[in-house]
Structure formats: structure tokens, C-alpha cells
Amino acid sequence: MTRILLTLACLLGPLLSAPAAAQQADAPIQVLLQEHGEIIAESSRRSIGPAIDALADSGMPEAQAVLERWQAKEMWIDAASGLFVFAEEVDRDTLRIFDVATGEDLGEVPDDTYDQLKPNSGIRGMIAAALVRFQLIDPDPTVRATALDAIERDPEASHLSVLRAVKGSDGTPDFLTRVERLERLLTIRFAEEDAERIAAIESFAGDLGVDVRAALNPLVATRLEAAKTMPDGPDIAGRLYPDREGLSAGDAYVLLVDAGLAPPRISGEAQRQALESNIQNGAVAGIEVATLSTQTARDLAYRALAETGAVDPVATEGEVNAALADHVFFARYIGAPPAVAQAAALALGDIGNKVAFNRSLDLALDGISLASIYFLAAIGLAITFGVMGVINMAHGEFIMMGAYTGFVVQQVVPDYTLSIILAIPLAFAVTFAAGVAMERLVIRWLYHRPLETLLATFGVSIALQQLAKNIFGTQARPLTAPGWLDGSLVVNDIVSISYIRIAIFVLAILFLAMFLLVMNRTRLGLEVRAVTQNPRMAASMGINPDRINMLTFGFGSGIAGIAGVAIGLYAKVTSEMGADYIVQSFMTVVVGGVGNIWGTLLGATMVGFLQKGIEWLNPSNTLAAQTYMILFIIFFIQFRPRGIIPLKGRAAEV
Amino acid sequence: MSTLLEVSGVSVSFDGFRAINNLTFQIAEREMRAVIGPNGAGKTTFMDIVTGKTRPDAGQVLWGEKSQSLLRMSESRIAQAGIGRKFQRPTVFEDQTVAENLMLALKKKRGPLAVLRFRASAEDRERVEQLAGEIGLNAALHRKSGELSHGQKQWLEIGMLLAQEPRLLLVDEPAAGMTAAEREHTTALLVEAAKTRAVVVIEHDMEFVRRLNCKVTVLHEGSVLAEGSIDHVTSDEKVIEVYLGR
Amino acid sequence: MAETTLSTQRAGRKPRFLLADNASVLIFMGLLALFTLGVTVLSEGFGIGVISTSFVKTLGKTLCLCLVALAMDLVWGYCGILSLGHMAFFGLGGYAIGMWLMYARTEIIVTESLAAAALPPTPQEISDGIAAQIFGVVGASEFPPIWAFAHSLPLQLAAVVLVPGLLALVFGWLAFRSRVTGVYLSILTQAMTLALSLYLFQNDSGLRGNNGLSGLQNLPGLGDVPQSTVSLWFFWASALALGLGYLLCVRVVSGKFGSVIRAIRDDESRARFLGYPVEGYKLFIFTLTAILAGIAGALYYPQAGIINPAEIAPIASIYLAVWVAIGGRGRLYGAVIGAAFVSLLSTWFTGGQAPDVSLGFYTIQWVDWWTVLLGLSFVAVTLFAPKGIGGLFDLIADRRHQDRHGADLGPEPGALREKESQV
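Chains as they are written, first to last, in my numbering: chain A, 1 to 654; chain B, 1001 to 1246; chain C, 2001 to 2423.
Calculated from the structure, these hints are not laboratory results. One or more hints might be untrue.
Stated by the list, open to error - Label pairs and their calculated CB-CB ranges:
(1) A/Asn358 with C/Glu2142: 37 to 45 Å
(2) A/Gln475 with C/Asn2211: 18 to 26 Å
(3) A/Ile471 with C/Ile2396: 25 to 33 Å
As the list claims (entries may be wrong) - Heads up, incomplete: computed chain A residues facing chain C, CB under 8 Å, no partners named:
(4) Leu275
(5) Leu292
(6) Arg298
(7) Trp445
Each residue gets a CB set at the ideal place from its N, CA and C atoms; glycine is no exception.
Let's have the full structure, built from the sequences with the hints guiding it.
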């Protein structure tokens, strides 16, 4: 019937519409379109598939143009003739139309009789997928690359043949490698032959790509089933036992109920409702309502009710257990034929091992970068604590001060690279000055009174913190890293590390080197060591301990300032950021042992790795990780009360 | 006389430096002994080991009739067992009165609960006053010990040691910084103490040692160099070489 | 540092009755009784209504803070342990009583709502209902194991004492056993406090995460009693606790025990060579003060109405040290004065009641600047008045006492100052 109408339309069309006379109604592509004219005109995502497939599979050179213009909403249908044309709107009422087969300009016509095809986004996506095969052989390499992206995003069975066709053609090695890999991935998913799929699976042994795991995982999908006896068959993935790993007793029983192998249980709520709806004269099945205040009483009442037939019988606890014991539970492969699924499971197991190894590698990198941060934060503290025996509770606020210095510099100097280069020495200068001021005004008067120093510096700490809050507000301020520090070094899909963290690591190494250089190779270092070991003797040798103490304190504070810039780059700058690091810094120093830079390094490494390790064991909860880390340190102190590298001998006992 | 303290084969090193090297030492009950030796000979470290402050790397320290090992005991347990120690610098509780210092040292139960229930009896107060008399601080009984002179602090510390009623008294340079008259008094105190208990005096001052009139042990580089009467050791060639001769 | 109660200066003399021997104790007790009476007379609940109920609560809370400051003074001022964890013990006491208050009150509400149902509720239903009410906010509906005793007031009251006490005992045993002293110990206690507060901040800590426990001002079963009356009950209880706590502390710090702990504070190793088991004394004091802090917290939080993990954060414990230092540590009334003075002043400033100061170009708003002022004045007190406010009493009342503290003592220069380095 439709065919007749269409044929009629074709015959009558030229008579009704003058310019369309030139249209090639019998061109193969037009014929093809006409064949599917109805569903194309209907434009429904559910039914459009065959039309697109027919066009894409037609092998006609015009098909690409038709699909593209259709996708671009430039295909119109002549309501009179039912013929498809390309058209551009000249103005509100006029169209310029072109032939679908030749692209020939057919002149301007009023749009009265033409209807625009408006494919919705779903259909446009399907068209795009179909277009991929044309784009893959496009001469423009960017088009080809985009086409591969499209396949990766949304692979279809039909792409497989295209990829196989392209595989042998010319192209850059990069392109061909991608095609080849994609072809294998699609083979795993869509190939007909099991042997082919297994071969493709095996070719990916040990591959860490996320795409491989995405292709393999659906293959090993299983469904839990229950039966009286353990069935035999290649598609049985394994047996499960209720109330052990992977299957709770409750879920197991639900399986039985769903399979019709056991009567359902009843929830407390449903039982209560059932009982309530059967109250008669203040009693349920002859049992007084007032006595139903325990679960046992309610169970009895329900059983009595079931016996009268008012409610369905339900399983009791004993019956549930018996049913669970009576049945076997197993997982059945449903994602793929058993042979393929087993091959995939094997490959995934192999990949899993490699993934685990790489994860630990990644974790180690994370640990190192966290250790670098703690080292940077703690090194200044280690200097003041270790060398001078002064606990500086305001150390965290010096870190904050350095970070805010960086922020202010970035407000003035817009170039991020330059501003960071400026910020580092400036942060050092600001915190050095602050440190010297604090030493002169406060700490100098409290030498040999460590607890009072601790409290006085704490006073400074809360004052500085509130001051920062008053000046900069409570919201977090950004400290933007230069562009060349964006992104990360990607080793594979699992191991990666951001450049900022690498930069912080390098900075930590630099500081270690600088510290060793200053302490071991300069006059200042010599004097500092002398004052540390025996201030009176040093004083009598002409060293001014006051000056040394002042410089040491300034130096330690200055390093805190630089650490602040580094920390600000990767975390936010807030007035409380110092407080976030102070306890970890103290832990680092305490664990490492006082008075030795290597101890601080070891301490930072240990605290960093420990925190990352615990976070990995309990990834959902960083708060718990910190809790457990601190508990660990408290226990650690039991065995090494003076840290990893303690001061030994008499010096430690003075 | 039975052996009260026996130190045998004890060694200890700090960062590679051997402070005590295979030291062997014995002292009997109610014996007075002077230990001399140049700086760094390990005299103070020896005391540290006996009182439990430093743990030796090797060796034995045995105490009393039952030959208890002191190495596993804490400082306070060792002190309770009857070893009293006087430090090189006078260490008294400067924020407390002389009477309080002496009361602290009186031989009584040391546990927190026992001390919480403690009430000084008339006897205790008499004993404190008697001790204060012995060390010449009767008038200063209610002064803060921080206000005392250096020599008075030394005596107060000796008084505290006596109040402890130890069986062995370890005294580190008791006469340092004292006037001649004060030394005299100190010597008398020590000699008197040695009548009822063992006393080990570490001293630099040969005159002071001579006046103590007792057996002398010479330490050098962490081990015993010579032992005997003062005349015997001062005529020993090796002793003269390392200590006296130069 | 200097002990001025008369008893300790006369250790050698005949001991008299505790109170008679301590004039300052009598004065303190008298003032506390007068204060309590005065507040009661002026209150809305039982008196002429000059003092509002909320201010009665503030005063009651202040008394609890005085009690915990007393504990802090005992552990720090007398025994030399600068604990940065006593507010954690305070908070634990609050949590322990808060659990019962919240449970019991919710139980009443749930039982009432279930009473309307057709069937009488089962114990399980009541328990589920309470759990859903209490833990709905953190997405849980079951009681965590630590709530096992929450239904019982006597057991939770025992927990007020036992939880802080046991924590202090275990932590103190570990720390003192390994001879962690001085600033190391302070940092370790701070770490413990931080660990505890971070743990409580978690939603699955079993104590409602950062929501904390709330509605604690309502006494279960006494919904009809107005808050003006309840506030006075707690005020009296707080005053009684402070009075008894003061007597207990006086008992501990006077006599030989006080002498020993001050000896430990001033020269730990010397005390050890005298035969005193230093660790045992420290543990005793640490645990005793933790229990005092727990009791203070259990009285404080029902007056505050809410407790959350922020109250336990290390900063709170540091402020406690600040109060004691400002009041004057090493003397019990100093701690009380410091806590009362600073906390009331802080309430005044942060409550927005303090008048702003206009400098022309900038207006100082005390809500923002009070912390700065407190921090700096604390530095000033540490530097210029190490004896704190209590030091003023020496000037007025104790002129006879020669003050040589901090100055060189005896012929050896710096003898006392060097001793302090070992604190």
C-alpha cells in the first residue's frame, strides 16, 4: 500500500512541483532513501536503526554526504513527491534545494511543500556512529583520529569490520597502532567466533589499560543461582556458601525465594501490619493484643493467624536455616560463552596482579610526595627544636605566612611563573624577619624554660592565625601554579604523579642539600653546631650564641615560609593551614629524633608512607587514617622514645 | 667482711667511645673506698651503672647477700634496695624547705598510696631535726633550700643521703667548691657514715682522699688500674704515669 | 611555682586539721559558698530574678571550667606534666553523660509515639526507633556497641569516671613508662587529643560525628521542670563539685605527697634516686586529674546543651593551659581565678557585648580581635608575669616571703634557672 502511494507520489511529483522536475528520482541513493522513507520521516530513535544501517552499508559514495547533511538537519522531504532533497533556508519562506545524489543546485522554491527532517540528539548520535566508517578513511588525519575517539567512546559491532578493513591500509604508525588495538578490543566484544575472541583476550595478557578491563569485565559477569544439587557445566563460575565472603545468608535466602525454592520470610514491619489488620475484639487469632509486646509472642500470633488461613504462611528461622543448608549456591557466567568467560577471567586475574603491583608503586609515589611535604614542613621545626631545643608552636603559622606571601605576590605579579620565582625568596624574607622578631621579643627570654616557650609561642600562634583571618578573611585563597606545573607525569593508566608533587619533591631534596651544605661547609654551620653542643664553650671561643640563636631561628622560620609556598601550590591557602600541618610536623620530628636532619628525613618518610598506607587500607576515611597514624606513633614512641636516630650518650642525658 | 656490691666484667660504650671497659669492682659492708682517676676515666659512668641510670652493654652488677642483679631494676628500686647517691653538683629541691627535703629522704615507704596516707610522727620530726643538727643546718630548717650557700647545699644533700639510711653510699666529689673548714666537716661526716655502711667516694683531690684514710681504687680508661692503700697506689708506676706524675 | 599555702612551709611542725592549717582553703570555701548563695538569691528560679537563666548557666559552666583548671593545675603546676589532653578527658565525661541524656529523652519520645500504634511495641521496636532518631542524622539506624550501657544512668555515671580514667591510665602508663617527658610529653598528649577528636569527627564513630550530642539541657522525665530551676540544680552541683574537688586537690598537694610531686616536677631523676617510683606518682596524678576533668565535663555539657568533637580539639586543651598560666600555676586558687577570669572575659568579648574601638581609619571589633588580644596577652603574661594573677596575692598578702625566684640563687650563678630547664 505504502509502496503504491509512494510510486504514485513519484509519478505525480514532477507534475505538482516544477523545479523538482530536474531531480533524479531514480538515482540509487534516492531509491534507497525512498525504501526507508517512512521510518526516516517518522524520525523515531527506536525505529530508525535499519534506515541508517542501510545507508551506511550501501557502499554508495553519496551515503556519507547524505548522513552528514541529515545529521546537520539539512535534509528535507518534499511532502508532495516524497523525494528527499538537501536544502538551505534562503529566507523565512524560501529554500534553495539540491539533489541528494549529485548535489546539483536545483534552484529556489517556496518552503510550503517541504518538511525539514529534524533528527533528535539520539538519532544524530546514531548517525555519527554510522559516519565513523567513512571518517576512518578520510584523508584528513584529525577526522580519522576523531573517528577513533568516537569508536572508543561508543563501540558497536558494525565497527569491527570497518576497523579490520582500515587495519591494512596506509596511515601513520600511531594511527595504525590505535586501530589495531581497537580492533582487538572490539574482537573481544563482538566477534562471532569464540576462538577469535579468546585469541584477542590472550593478546592483552598483562595489559594495564582501563579499556581492556572495561572490555573484559562484562564478559565475566555472573549471576547468582541456587539449586538442590550442584549443576555441572562449563558455565559455572564457582560455588558460594551462604554467610561467607560474597554472599550473606539473607541474600542467599532471597535467591531461594526468588527461584521458588522456599517460602518467603516476613519483615517485622509487614508482620506488624498483618497482625494489626487482623485485630478482632482486641485480639489476634485469639491472642490478646496487649500481650504482643515481644517478638516471640508476635511470631506465635502470626503462626496462629496463618493456620486460620487469614495470612500466607512464612518461613521460620529454623526453616530458613534448613533451606540454606539444603541448597547449593553458585555463580553462572552470563556475559559470554563459558570458554570466553574463563579466558577473560584468567586474563583479568593476570592483569589484576599487575595492577596490584602498579598500585603499590603508585602508592609509594604518593607516599614519597607526602613525605616531601612533611619534610618541608618539619625541617624548619627540626632546626629550631633540634638545634636550639625550642618548641615553636607558631611554626605552622610561619608556613601560613609564607603561603599568604605567595598569594599577595600573585595579586601584584600576574605572571604565574615569575610570581612563584619572586614569592619563594620573598616568603623566606618575610618569615625570616618574623622568626628573628619572635626570637628577639619572646623566645630569647625563655631559653631553658621549654614548657613556657611552648605556651608563649602558642600565644603567638593563635594571635597570628586570627590576624590572618582578619586580614584575608576565612575563605580559602588560591595560589596558582604556573602552567608548566599543570598536569601529571603518566607512566601508565595506574601510575601517575602530578608535576607539582614532583616539584615539591625536588624542592625537598634541594633543601636537604642546602641544609647539609650550610651546616657542614660554612662558618655559620660550624658555629651553630658549636652552640648546639656546648653554648658556654662556644661563647668562650668568641662565638656570640645570641646571634647564632637568632640566625638559626630565622633560618628555620624562613624555610617554613618557603614550605608554605610549596604547600599552598598544592593545597588551599587558609588561616588554618598551619594548624593542619603542625601536629604532623611534630610527629615527624619526634619520630625522627631530635638534632639530626637524617632523622627528620626518615621521620617524614615514615609518617608520609604510614599515612598513605593506612589511607589505602581504609580509603573511604582519611580522618580514621590520621587517627590510626597518631596511635601508631604513640606506640612507636614506646620502643624508640628518642626517635629513629637518637642523640646518644651523655649529650642526650644533659 | 661479706661482699655488698660486686661489679664484674662491665662494659659500656657511647657512640663507639668505651666509657667503661671490662670493669671489675667489689666493696664489702661498712667499708670506705675512694675512687680516683683522671677526667674521662669513667668514674661517674660507673656510678650511673650502679644506680641504674645507664645500662651496661655487658657484665654483671650483683647486690647484697642474695646477690641480686641490679641490671634489671629501675633507679627507684635500686635506691629502695639501699643504694644512695650524691651528685657532683648539689641537687636538692630548691623550691622546698630544708625540713621538707630531709622529710622526703627519710627512710619510709615510697609508694604513692603509702605517701598519701603518710603523717609525720613526732619521731620523724625529731629525726629530721637531729639530721639537720648533724649537717649544721638546724637554724635553716624552715628556709628554702634554694637560698642556701653552695656548701650548705652539699651538706643538705649528704644529710638527705643519711636520712635514706642506705647500705651503700655513692658520693661524687663531695668537697668540690668547699672551704677548708667545710671540707673538714665533710670528711668527718663521711668517716662517721662509713662506720655503719659502705661508702664509695669519688674524688679528684688527693689531700681529701688521704684524709679519708681508706683503700683507694684508681680508674683509667674505664677499668681498674690499681687498688690498695693511698701510699701503695701513689707509688705505683702506672698510676704516676697516667695521673700523678705529670 | 612557689607554693604559698602555709602547710608546706611548716612540714616539720605538728600537723593540724587540714582546713585549719590552710587559711586560703577556708577563704576559698567561704567565697564559693557566698557566691553560690548570692547567685541563688539573684536567680530567676529561686530568687528575685536579677540574673537571667542563661547567665546562671554561664556561671555554672564557669564553675565546671574552674574545676578542670584545678585538675590542670595539679597535673601541670604541681607535677610538671604539661598535658594538652585534659579537655579531651573533659569532653569524654560530657559524652558519657550525654549518651544517657540523649538516650533516655529519645526513649520517652519514641515510647510515646509508639504507644499510639495498635500493637504494643516490642523492645526491639523501641530500640530501633531510638536508634533511628539518634543516628538518622549520620545515616545509620543501629546502635553502635559503645551505646550498650546508654540506657542506664548508673552505668553511664560510672563511665564518666571510668572512660577518662582508663584512657589516662593506659596512655599515661605507655608514656611515662618510656620516660617521655617535658615538651615531648606535651606533644604526645596533643597528638592523643587530636587523634580522639579526629576519630569523633567521623560519622561512623558511633557518637554522631560532627553533629555531636544535642538537647542535653533537657532532663529526661523532668520535662515539666522549667530551665530556670534546672539551671540552678546544675549550678549547685557544679559549685559542690568544685568545692569537693578543691578540698581533694588541697589534700593531695599538701603534706608529703605534695612534696614528692613537686620534687618530681623540679628534678625527676633526683626523686628517682631518692627511691620514689616517679612513674607511679605521675600516673596517679595524671589519672586522678583526668577523672576530675571527666566529672567537670559531665556537669558542664548538660548546661551547655550540646557537645561535639570540636570541643575536644587540641586547641581547647591549650586554652586550658592558658587559663591556668594566666591565673598562676602552682597554686590552686590561681587556676580557679584564671579559668573564671579568662573564660568570662572571653564570653563577654566574643558575645559581642564589648564596645567596638574606633581608631578613625579602622574599627576594632572585638569579636574578631579578641583572640589576637588573648594570644598576645598570654605571651605578655608568660614573659612578664610568670606567676600570673595569683602572683598579685603574694605582693599583697605575703610580703614576708623572700622572692628570689628566677634570680640567681646562692654562690653558684643560675642554679635555680638551670634547674628549670629540666622541667
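Now for the hints, and whether the structure bears them out:
1. Between A/Asn358 and C/Glu2142 the CB atoms are about 38 Å apart, so this pair conforms to the stated range of 37 to 45 Å.
2. Distance hint check: the CB atoms of A/Gln475 and C/Asn2211 are about 24 Å apart, consistent with the given range 18 to 26 Å.
3. Take A/Ile471 and C/Ile2396: their Cβ atoms lie about 42 Å apart, and the range 25 to 33 Å is violated.
4. Restraint check, A/Leu275 versus chain C: the minimum CB separation of about 6 Å is within 8 Å; hint holds.
5. Evaluation of the A/Leu292 hint against chain C yields a held restraint, the C-beta minimum of about 5 Å falling below 8 Å.
6. Against a cut-off of 8 Å between C-beta atoms, the interface hint on A/Arg298 holds, since the closest Cβ of chain C lies about 7 Å away.
7. Proximity of A/Trp445 to chain C holds as hinted, the smallest CB-CB distance being about 6 Å (cut-off 8 Å).
In the structure shown, a violation is registered for the earlier hint numbered 3 alone.
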